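Going down the list, the protein sequences come from chains A and B.
For the first sequence, the residue numbers in the working numbering are 1 to 115.
For the second sequence, the residue numbers in the working numbering are 1 to 113.
Don't take each hint at face value.
[Unchecked claim] For lysine-lysine, the following DSS-like pairs were computed, each having C-alpha atoms within a straight-line distance of at most 27 Å: (1) B:27 - B:51; (2) A:102 - B:62; (3) A:102 - B:27; (4) B:51 - A:102; (5) A:55 - A:102; (6) B:71 - A:102; (7) A:73 - B:27; (8) B:44 - A:102; (9) B:51 - B:62; (10) A:97 - B:44; (11) B:44 - A:70; (12) A:97 - B:51; (13) B:27 - A:97; (14) A:78 - B:44; (15) A:78 - A:97.
No wet-lab data here; the hints were simulated from the structure.
Only a predicted model underlies this, so the values are computations on that prediction, with no experimental measurement involved.
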Amino acid sequence: AQTVTQSQPEMSVQEAETVTLSCTYDTSESDYYLFWYKQPPSRQMILVIRQEAYKQQNATENRFSVNFQKAAKSFSLKISDSQLGDAAMYFCAYRFKAAGNKLTFGGGTRVLVKP
Amino acid sequence: NAGVMQNPRHLVRRRGQEARLRCSPMKGHSHVYWYRQLPEEGLKFMVYLQKENIIDESGMPKERFSAEFPKEGPSILRIQQVVRGDSAAYFCASSAGTGSGYTFGSGTRLTVV
Chain A
1 AQTVTQSQPE MSVQEAETVT LSCTYDTSES DYYLFWYKQP PSRQMILVIR
51 QEAYKQQNAT ENRFSVNFQK AAKSFSLKIS DSQLGDAAMY FCAYRFKAAG
101 NKLTFGGGTR VLVKP
Chain B
1 NAGVMQNPRH LVRRRGQEAR LRCSPMKGHS HVYWYRQLPE EGLKFMVYLQ
51 KENIIDESGM PKERFSAEFP KEGPSILRIQ QVVRGDSAAY FCASSAGTGS
101 GYTFGSGTRL TVV
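Take these sequences, add in the hints, and give me the full structure.
Laid out in structure tokens, this is it:
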């Protein structure tokens, strides 16, 4: 069974600074997707970024970028120029392509942004 | 185009009552997924449905929980004889197909008193 581990329960960052969230996963598959979701206090799950395992290039979306290390099964998220609106829970998730659309989530990291 | 609509947003039930959670997928989406989020935890997959069919229910508890997605109307997650441990946020998501991205609803927070 696939597992996703987020080892940092909480991270704090100064506004305008950079923070990196770690995520590791365990799978024997080679073709899969990885995701980062943001969950603000409103509870809405918002897709931040998505990475396909067969693509070596790291995905980037504005201030959000990932460091995907397939051999190490590591998928970290970097938030640059942090803003107050980035404060939220962040969840890493995995999806095996041949297993339908089922997502396996990590336990989450809470990001606090200090003004 | 409205997103995934879940109702109610909050639901309070006494122990032993039934809870019915509703999910209307995005227009054009025929695949629905239910997840449960316990306090301070990530989301856990429960069940995957297409119209009138359960495709994967590997995450559903064996007793008291059931789900359906009828030809007409919303998907329903039903919890019979609720217990305090059922208190959680229940999220629905929908997609147009198995290779398509998800859209999540805002969840239903169930509190069992």
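Which numbered conditions among the earlier hints are violated in the structure presented, ordered from lowest to highest?
Hint check: 7 fails alone, others pass.
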